[in-house]
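With the hints as your guide, set chain X onto chain A.
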Amino acid sequence: MLEINDLHVKLEEEDKAILKGLTLSVKAGTVHAIMGPNGSGKSTLAYVLSGRGGYQVTGGSAMLEGQELLDMEPEERAAAGLFLAFQYPVEIPGVGNMTFLRTAVNAQRKARGEEELSSGDFLKAVRAKARELKIDAEMLKRPVYVGFSGGEKKRNEILQMTMLEPRMCILDETDSGLDVDAMKLVSEGVNALRDAGRAFLVITHYQRLLDHIQPDVVHIMAEGRIIKSGGPDLALEVEQNGYADLLAEEGQKA
Amino acid sequence: MSGAPKPMTRAARRAARLDATAAHLSRLSVPQDSGWLGRARADALERLRTLGLPERRDEYWRFTDPSVLSAETAAPAEVFRITDEPVVFSDIDRLRIVFTDGEFDQQASDDLTAEGLEVTRLAEAAQADIHWAQDVYGKLEERGQQPVPRPLATLNSAMARDGVLIRATGKVARPVSLIYRRQKEAADMVLHHVIRVEPGAEMTLLENGPAAARYSIVTEACIGAGGMLHHVRTQGRDHARSGITHLFVRMDKAAGLKSFTLSANGRVLRNEAMIWLDGEGGSAHVAGAAMGDGDFHHDDTVFIDHAAPRCESRQVFKKVLRNGAVGVFQGKILVQRPAQLTDGYQISQSLLMDERSQFLAKPELEIYADDVKCSHGSTSGEIDADHLFYLRSRGVPEAEGKNLLVLAFLTEALEEIARDDLAEDVRSRLESWLGRHRH
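Protein sequences appear in the order of chains A and X.
Following my numbering, the numbering of the first sequence begins with 1 at its first residue and continues without gaps.
Following my numbering, the numbering of the second sequence begins with 1001 at its first residue and continues without gaps.
Pulled out of the complex, with its shape left as it was, chain A reads as follows:
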């Protein structure tokens, strides 16, 4: 599904390398988790894959189902099946949540040569999915994220993901700012989307999210690279011992 090979990225405005040869392969139907200390480049990876400005790719590639993501505009990446659930979704006063979501759904359908959804069909679908995520219908009428609580923002990100049906989902610290109940709801939303044709990359600081969304593979990221990969046990190990031992091990190798 997603093949990242020796990816090097620096900040556009400064001479500062963030990703330094990151290689990662995510197969369809799997959930990969990325953990790592602050500043290791996890969020940068998410942003670079989705096409945010401010970064410069200096080497490597990132292919989504055989297509080079790094050559595409952000909207083309979305239409190709990529979705990023933002760590900090932005407030956009004046843009209605529903209007935006319908525009997005139909823009993607159009880009893929599919028929656009009528407003009736769209409303029906979005209401049903919102109910599952316990999202108040009133909330959908508000401008994008204006007056949303932290938990509401994250649930709404998952609602968008559910409506857009992406093939490759990246969740950037979706658990941050969530209470236990909200984390459960969000995880259920994610789990409901798990299937053989879809893959997930879950970026998190904490093992507890991985109790709810069980990963197939766990990666530890540091200094802009994956330094260790393993099964779900690796996350437990980090939870108990922190990153110090792993980093020391990596230091010895170098």
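Just so you know, the hints here were simulated from the structure itself, not pulled from any lab data.
Treat the hints with care, since some could be wrong.
[Said to hold, decoys possible] Quick list of the computed label-pair ranges, beta carbon to beta carbon:
(1) X:ALA1075 / A:ARG127: 55 to 61 angstroms
(2) A:GLU91 / X:GLY1038: 46 to 52 angstroms
(3) A:SER118 / X:LEU1360: 41 to 47 angstroms
(4) X:VAL1068 / A:GLY120: 47 to 53 angstroms
(5) X:TYR1345 / A:GLU91: 17 to 23 angstroms
(6) X:ALA1114 / A:GLY150: 53 to 59 angstroms
(7) X:ASP1421 / A:SER119: 15 to 21 angstroms
(8) X:VAL1087 / A:SER119: 25 to 31 angstroms
(9) A:LYS27 / X:GLU1382: 39 to 45 angstroms
(10) A:GLU91 / X:VAL1068: 41 to 47 angstroms
(11) A:HIS212 / X:LEU1365: 53 to 59 angstroms
(12) X:GLY1381 / A:ARG194: 39 to 45 angstroms
(13) X:ASP1354 / A:GLN240: 51 to 57 angstroms
By construction, the Cβ of each residue, glycine as well, lies at the ideal position given by its N, Cα and C atoms.
Chain X alone, transformed into the frame defined by chain A:
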């Protein structure tokens, strides 16, 4: 002889201005009316001889060159016909009053009798010895010469060839729609309207149409106690025209005004509003959305005078500028000593779509009462990169994302349109404008 000319003294400059004005007036053919209108015109001419016509160096005209607006003749401009969308307000049930090239067009207009309204053509009212409008025509304009002279309004009082006098005596749901049609390339339209909303009455005034190569429209309105005037106008899309409008409104106790203007294009356009909140508990909202692309200069100049306690006023102006378009806002809130518990709000913002466009703003507050709430803000910005990225990350194409953000930027101004059907109509103009003006 060479060498720099000697700097003129103030007195000499004033003398030169008044000489130039007198010479200008002597070349104009002022409409001849008997009765009250004739006297009002004579008074206006007299005022103009002491005010003088505006000059570029006037502080009040710092950002906009008045020469096109005050020149003796208008430069011809191509007649623009809208063929790609229905004309604004077409679907609204309304009383249509049509002016073609600045003259009342009886054939194109509806029958002017309507319940709750008295509608008279200016030219006809002049023949009536006593007419309610004689207490208003030129009178509010005269009051509006303080604290800053507005001589182009005075010129209009002297020169207006036509216009409409409307008196609302009850609550009238059906809007009165002034439609400015245009046939001649050189049309130079000077209209003067007078409106009186009686106590407790309510009416809606619409204005639209390409009007003329150049136009000057003065509207003087008195809103009686508890009365309400809704005003929605659109100016566009003919690009070559120039124009100036003045809206003078005197408001009694608990009177309400909501005025919204949509401007799309226009080489030089200045909309002035002067509102007097004379009675306790009045509420005046003046708002505008302007869309400029290229050789466009749009100026909103607003003055709101709080003379009585417990009044509220809002000024909301938003401009979207691209390809070197220029937007101007001069807005002032004056709160006089008796106007305690005033609630004043003023915001002027521009969205600059490129580095060549510019927004010039002069917001002012002048407050003499001690227990008031007044806020003002003025900003210039561009499309927020994070917002746009967020929309694009969900698959919305860049151009469409920008349009969503432009409409979002204008929302606060559009919310000032009182009626949903009118707001929807205006919004659809904006959407199609955005569709035509890609980045």
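Hint-by-hint comparison with the structure:
For the hinted restraint 55 to 61 angstroms between X:ALA1075 and A:ARG127, the CB-CB distance of approximately 57 angstroms keeps it satisfied. About 60 angstroms separates the C-beta atoms of A:GLU91 and X:GLY1038, a value inconsistent with the hinted range of 46 to 52 angstroms. For the pair A:SER118 and X:LEU1360, the beta carbons lie near 46 angstroms from each other, so the given range of 41 to 47 angstroms is met. At roughly 51 angstroms, the beta-carbon separation of X:VAL1068 and A:GLY120 lies within the given 47 to 53 angstroms, and the hint holds.
Checking the proposed 17 to 23 angstroms range against X:TYR1345 and A:GLU91 shows it holds: the Cβ atoms sit about 21 angstroms from each other. The beta-carbon spacing between X:ALA1114 and A:GLY150, approximately 56 angstroms, falls within the hinted interval of 53 to 59 angstroms. Between X:ASP1421 and A:SER119 the Cβ separation comes to about 19 angstroms, which falls inside the hinted range of 15 to 21 angstroms. Checked against the hint of 25 to 31 angstroms, the C-beta distance between X:VAL1087 and A:SER119 comes to roughly 27 angstroms, which is consistent with it.
The given range of 39 to 45 angstroms is respected by A:LYS27 and X:GLU1382, whose C-beta atoms sit roughly 42 angstroms from each other. Judged by the Cβ atoms, the range 41 to 47 angstroms given for A:GLU91 and X:VAL1068 holds: they are separated by roughly 42 angstroms. Between A:HIS212 and X:LEU1365 the Cβ separation comes to about 54 angstroms, which falls inside the hinted range of 53 to 59 angstroms. The beta-carbon spacing between X:GLY1381 and A:ARG194, approximately 42 angstroms, falls within the hinted interval of 39 to 45 angstroms.
One distance hint, 51 to 57 angstroms for the beta-carbon pair X:ASP1354 and A:GLN240, holds here, with the actual separation near 55 angstroms.
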